[in-house]
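Chemist: What follows is the residue order along each chain.
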Amino acid sequence: MTFGTKVPAKYFDGVKARSHAATATLIQMPDGDVLQIAVEGGKVLYWGAKDLRELQDQAGSGGIVLSHSEFPSARLVISDKGAADMIRKVGVNLGRQDRAPGTWRKVMGWGGAAVGSVVLLIFVIIPALSDTMAGLIPAEQEAALGRGTLRQIENLLGADEDGLACSTTAGDAALAKMTRRVLGDLDPGYDLNVQVFDNSMVNAFAVPGGNIVLFQGLIDASDTPEEVAAVLAHEIGHVVKRDPTRLALRSAGSVGILGLMLGDFAGGALMLILAERLIAASYSQEAEAAADRFAFDRMRAAGLPVEPFAVFFEKLQAEHGSTPSLLSHLASHPDLAARAAAARDAAQDIGDFTPVLSPSEWDALKTICKG
Amino acid sequence: MDGPDPDVMSPKWVTADYLGSATPLFWLGLRTSLLTLLTLGLYRFWARTRVRRYFWSSITLEGDPLEYTGKGLEKFLGFLIAVAFLAVYLGIFQLILSFLGLSVFSADETGEFGGALQLAWTQASLILIVPFIFYAQYRARRYVLSRTQWRGIRFGAEPAAWGYVWRALGHWIVTIISLGLLAPRMVFWLEKYRVDRTWFGNTRFEQGGTWTMLYPAMRHIFIAFALLAIGALLIFGLQSGFSVLFFMVGGVWVYFGLVYFRVESFRILAQHKSLGDIGFKSTVRPSEIFWTQILGGVLASAVAGLFFGVLFGMSVGILGTVTDLEGAAEQFFETGLETVQPQVWLGFAAMIVSYLLFLLLYGVFLMIFVIQPILERYVKATLIENAGALEDVEQRLRDDMVEAEGFADALDVGPAI
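So the sequences go chain by chain: A and B.
Residue 119 is where the first sequence starts when you use my numbering, and the numbers rise one by one after that.
Residue -6 is where the second sequence starts when you use my numbering, and the numbers rise one by one after that.
The hints are simulated quantities; they were obtained by calculation from the structure and are not laboratory data.
Please read all numbers here as calculations on a predicted model, not as lab measurements.
Any given hint could be a false lead.
What the hints assert, rightly or not - With beta-carbon atoms standing in for the labels, derived distance ranges:
#1 B:Leu121 / A:Thr485: 51 to 61 Å
#2 A:Gly230 / B:Arg278: 28 to 38 Å
#3 A:Asn273 / B:Trp204: 32 to 42 Å
#4 A:Phe241 / B:Val247: 45 to 55 Å
#5 B:Ile287 / A:Gly281: 41 to 51 Å
#6 A:Thr485 / B:Ile120: 53 to 63 Å
#7 B:Ala342 / A:Phe241: 25 to 35 Å
#8 A:Asn273 / B:Ala342: 26 to 36 Å
#9 B:Leu339 / A:Ala436: 29 to 39 Å
#10 A:Leu392 / B:Leu339: 52 to 62 Å
From the three backbone atoms N, C-alpha and C, an ideal C-beta is built for every residue, glycine too.
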């Protein structure tokens, strides 16, 4: 198509569902090219080239479907490919989106409301509600839940029917003595059930309802019973604050909202898991730091030094290194170096102190899994 | 093309046509899926819109295509509105349900039974969301109709979502109580509710017929259940070996029976739909749809799997050149990227990328091997009587629908295309 040639076209006026035959001609004008549309029945329309809009992503070969920016319902269909290419050359605004005034303001406004809604939910409402609800669950219920969780963890670690818990008369007595010393006159709100699992991991954890587990590996890695006592105090801190239950509730709430936001697309599940881990990690790191502070207080109240706690972290750090900054956001615990530093800050020189276990009791505890 | 001479009164049947093909759809699907992945899902509203424009413009009647006038920004805005309302509601909802689950269902000592109960509780609690799902589905349909036009004239649906919600709930309850036997009743009445409130321009659609006319469409479901029942009887009888055979065949037959019901009921319902003086007919065949779905699905998995195999194989090859993989992994987690050989993190990154690309390609292949062919069959099997009367249909007012199909997007219950 060149200027002046007539091409056949179809015209829809957007008033009735009728197809009108038409011819279209490109005319060069001083203040902009114009598409002259002669519709059957005598009507002649003039659509300026800068007002032409093209419909995108259309099936069908060649051709072009045009609308006018001021008459959004009318359509002009030209099947000839040459004509379509010519119009694409002269139509300077073919791809422009004509939006109603105020659209961007609406998008910004609702975008802000959506973000605000989600932020409020994840950082204020869910934590507050989880904490309240964790307090409402009856303690016996939680204890039963915790025992069930323990079974599942044992299975995960490859236990047989006898379970992973170690027990010797002397070892149990030593453990009970340590627990009493660390607890002092504090009422944890549950019947504490402290066990040692026969596993080489250097770790300890608490499950809902007052159940605490220390791994044999942690005891092996400790040089003094005060190091173990510090870790026990930390875990008791989790129990007293009902952390396992609170954090489980928080995760439940945030997973739901994240699924909502991310929607359904390829790779979406991966993003959901990452995002959920990030949020869980931030809740968790906060709880871990609080448990550390609880441990400092307990050790001081029991007349025990806090320094062994710092030594323990520094030992772990020497063996395993610090968390690379990339992964520190995903870690459930704050960085080891930071924890060691916090413990050092809290440590005071208390001079002589009554050891938490006598040498024979310490031996008994170290061999609790050999009985 | 002009319409028929209005003086000719005899009704005339015309067929619809389908113009779309695999290659342009493949590239459109691939481009939009990649952009969606790269924008962490944000582009998905524009992606959906573009793909719909392609599908809609593939469908033509009397040589003139359907047009989808929805915009990506509009869909995105709808989603934001939904999130702003739903976020607080759903988050608190989930929390309360978890709390009730934890406190009401106590785990017994073994932990397993309690775990199962808790799982059942979370599933059961979804029932409370169901009314919103029906609401969202009606609104989504209304939005898509309001953004569809032919020859410049808009389709539309009346704002009747809440009426749909309580009817749908009632019908589902009846269907469940009747163990599925009264399903045709539900299908008919809900279809009638939707269709009687659907418009093209200033003319209203109407669904005629009765619900009992859909029972022939249930025939293969009944056959399947008969097979399963025989299998069950054989277990208690003598031939327990044969019962497995009956269960297997019965299971596959149930799947075929569901497809058969969906296609046949569509066909029967279409025959009784009308738009003013205009009538409809469909010659679509259930077996065609069934085989397209199965073979297309297999083809999509196979081709996507092939790409995945090649990419995954390459990444394994890269990792294979590393001598101490376990040590390298430990090193990575402890000291970070700097100290680890490039092959290691390159290899792991390649594995993740190949998995994501597989998911993406599978979605695109499903579109060109299953969704488009099935759509094409339905369209080409559509017959319209007295199409000339369409020329007299006049334009209807634009239905604003600011929240678009946001609720359906948020709850993930939107239309398939």
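Chemist: So which of those numbered hints doesn't the model satisfy?
Modeler: 2, 3, 10
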